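> Read off the chains here:
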Amino acid sequence: MSMNINHTHNAMEHPLASPIWLRWGALAAGLALVAWSFGWQSYPLYVMTQVLIYGIAIMGLNLLSGYTGQVSLGHSAFFALGAYAAAVLSHHLGWPLYVGVPAAAVLCFVAGFLFGFPALRLPMLYLALSTFAVAVVTPQALKWKQIEWLTGGVQGIILEKPTFPGMLADRADWAIMMCVAACALAAFLLAQRILGTQFGRLVDASRDQPLAAAAGGLNIPVIRTQMFGLSAAFTGLAGALSVVAGQFVSPESFPFLLSVSLLVGSFVGGVRSLWGAFLGAAFIVLTPNGAESLSKSAPWMIFGFALLAVVFLAPNGLSGWITHAWRSRANS
Amino acid sequence: MQAFLHQIASGLAAGGIYASLAVALVLIYRCTASVNFAQGELAMFSTYMSWALVQAGASWWAAFAIVVVGSFLLGLALDRVIFQPLRHKPVLSVVAASIALLIILNSLAGWLFGHELQEFATPFGGVLSHAEPFLSAHEAGILLATVVELLAVFVFFRFARFGLAMRAVAVNPSSAELVGINTNKVLAVGWGLAAVAGAVAGLMAAPIVFLEPSMMMSPLIYALAGALLGGIASPVGAVAGGFAIGVLENLLGAYVVGNDLKLTCIMLLIIAVLVVRPSGIFGKSVQVRV
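Going down the list, the sequences are from chains X and U. Just so we're aligned, residue 1 is where the first sequence starts under this note's numbering, counting upward by one. Just so we're aligned, residue 333 is where the second sequence starts under this note's numbering, counting upward by one.
A few of these clues could be false.
[As the list claims (entries may be wrong)] Some chain U residues near chain X, calculated using beta-carbon distances under 7 Å: (1) A428; (2) N591; (3) I602.
Honestly, the hints are just simulated from the structure, not real lab data. Since the structure is predicted, the reported quantities are computational estimates derived from the model, not experimental observations. Don't be surprised by glycine CBs; every beta carbon is placed ideally from N, CA and C.
Input sequences plus hints: build the corresponding full structure.
Here it is, written out as structure tokens:
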């Protein structure tokens with residue numbers, strides 16, 4: 001079993017160095033997309049923003065499940081925490097969102113760290129159980145009467161749409177999308193950087209051979225707790241950005257099913273990939289658009305079967321497929 | 333005092349539901365070393381089946397019998413099709429598969445039967461009769477049904493040959509295989525029995541919470557808390573834990589935090605148990621080797 005894990009792991013972790021023309025090509029394509037999207041209507045901008053937001057959240061989940069080998073069903077709670085933190089800081093304290101959003105991410109890091117501290121000392125299943133309970137409880141806890149003055153209770157909090165100076169004033173949706181895109185890029189580069197360091201290799205060791213690594217003197221709970229905090233910070237950042245994009249939070253926006261969507265996106269995109277997170281996000285954002293015309297239940301049915309299919313047929317998800325195709329083309 | 337005793341008695345009745353579901357969780361834990369997050373939806377689905385049979389004109393007990401057999405077969409089928417192939421895969425895959433099953437069953441029930449609340453009959457007489465001093469007829473029925481079910485489980489594991497084989501597989505699958513036990517068959521039956529225990533829990537819960545696709549979400553959390561409290565590897569512990577959680581939930585709701593925060597308190601309890609004594613009250617800690 002462990003052989004198998006190592007094999008797939010190596011295949012994912014060390015892709016061929018991308019050729020120079022590819023990097024410049026990607027940069028040019030990105031800039032072209034930025035210019036082109038300036039003329040988009042608000043709906044495509046909205047969809048793109050959602051994909052980027054969920055992509056950041058799923059990157060957070062991947063840091064945990066793909067790279068640390070732990071599973072969380074409770075990331076809807078961190079998404080909610082980030083969203084509420086940003087909304088409360090802006091609504092009650094009048095902090096501008098460009099301060100409130102990073103503050104929300106930091107708060108989620110602390111919350112994740114504190115939560116992971118006890119839970120990650122136990123076998124992985126127990127983390128799944130405790131996070132599952134947290135996710136189910138989140139909407140209920142947010143409605144708690146004693147904190148209604150803070151959270152707005154069932155009604156939630158409505159914020160004003162951020163304003164932008166100059167020629168961006170009329171293109172606020174586009175400007176919001178660009179801010180979210182900038183955050184997504186920064187989060188991606190940060191995650192890539194962290195995984196590439198010495199710490200990233202310790203994370204690998206703690207996942208692949210936890211007992212041996214512990215016997216070799218690695219403090220596995222500390223590594224896992226740091227990764228859990230980082231994972232929570234990413235997902236909390238996504239939650240805070242969802243407030244920037246939607247200017248609204250309410251308890252019902254963060255059901256257990258949000259955790260399930262993130263999990264589905266994570267698996268479909270590929271748990272061991274950072275850019276795959278955005279493929280998974282596109283999947284969970286776009287599927288309901290097409291499928292809801294069939295039936296209210298259809299998107300979830302599709303999510304369920306997609307998750308099963310990935311578990312059985314493509315353990316590395318869409319990004320795994322693409323990497324595989326790319327490598328075999330490059331090798332031939 | 334009367335009111336207090338009433339709260340404890342109806343807590344025990346609710347605990348009966350959680351105990352059944354917790355037994356199902358423990359059976360699956362012993363088969364897969366993972367938790368079946370779809371256990372609640374599986375119970376919900378069986379309950380809808382029985383509802384549909386009653387709507388179609390079957391008597392309650394006939395529907396019950398058919399659903400018990402049907403759930404057993406469904407459990408066998410799920411094991412064969414989904415979980416047997418995942419037996420030697422990482423826990424992550426097993427958890428993902430059970431989450432997939434959860435959303436498939438949930439949306440399938442919504443598709444087939446709608447998302448509206450449906451009333452579900454109880455065979456034991458009224459649900460909300462206040463005539464009795466301590467328990468409504470349905471609650472008394474729940475307690476009776478749970479006791480019968482748990483006795484059956486106990487007898488099965490203690491005296492039946494197959495039950496002994498299941499215990500052997502749970503303790504050490506590879507050694508069990510060496511002495512000639514067909515592990516796959518044993519684990520499949522474990523899935524079947526878990527599905528039956530879940531169905532019983534669903535049928536008992538439905539008259540109280542009404543029938544809808546997400547009806548078993550909270551009971552599943554309570555059952556998980558019960559199973560963890562008693563020890564997730566121990567059926568006896570799961571039963572005791574289920575009853576304890578039922579009573580605790582009722583007392584918390586009635587005297588301490590009200591209905592809004594019961595679930596949150598139970599969540600905190602789950603985390604506290606995991607921190608203080610992860611193997612539960614009746615569980616033994618397990619050691620691993622490099």
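> Hint by hint, say whether it matches the structure.
Outcome of the hint check:
1. A428: Hint on A428 (chain U): holds, closest Cβ of chain X at ~5 Å, below 7 Å.
2. N591: N591 (chain U) check fails; min Cβ-Cβ to chain X is 10 Å, beyond 7 Å.
3. I602: Cβ of I602 (chain U) sits 5 Å from chain X, so the hint holds.
Checked against the numbered hints given earlier, this structure breaks only hint 2.
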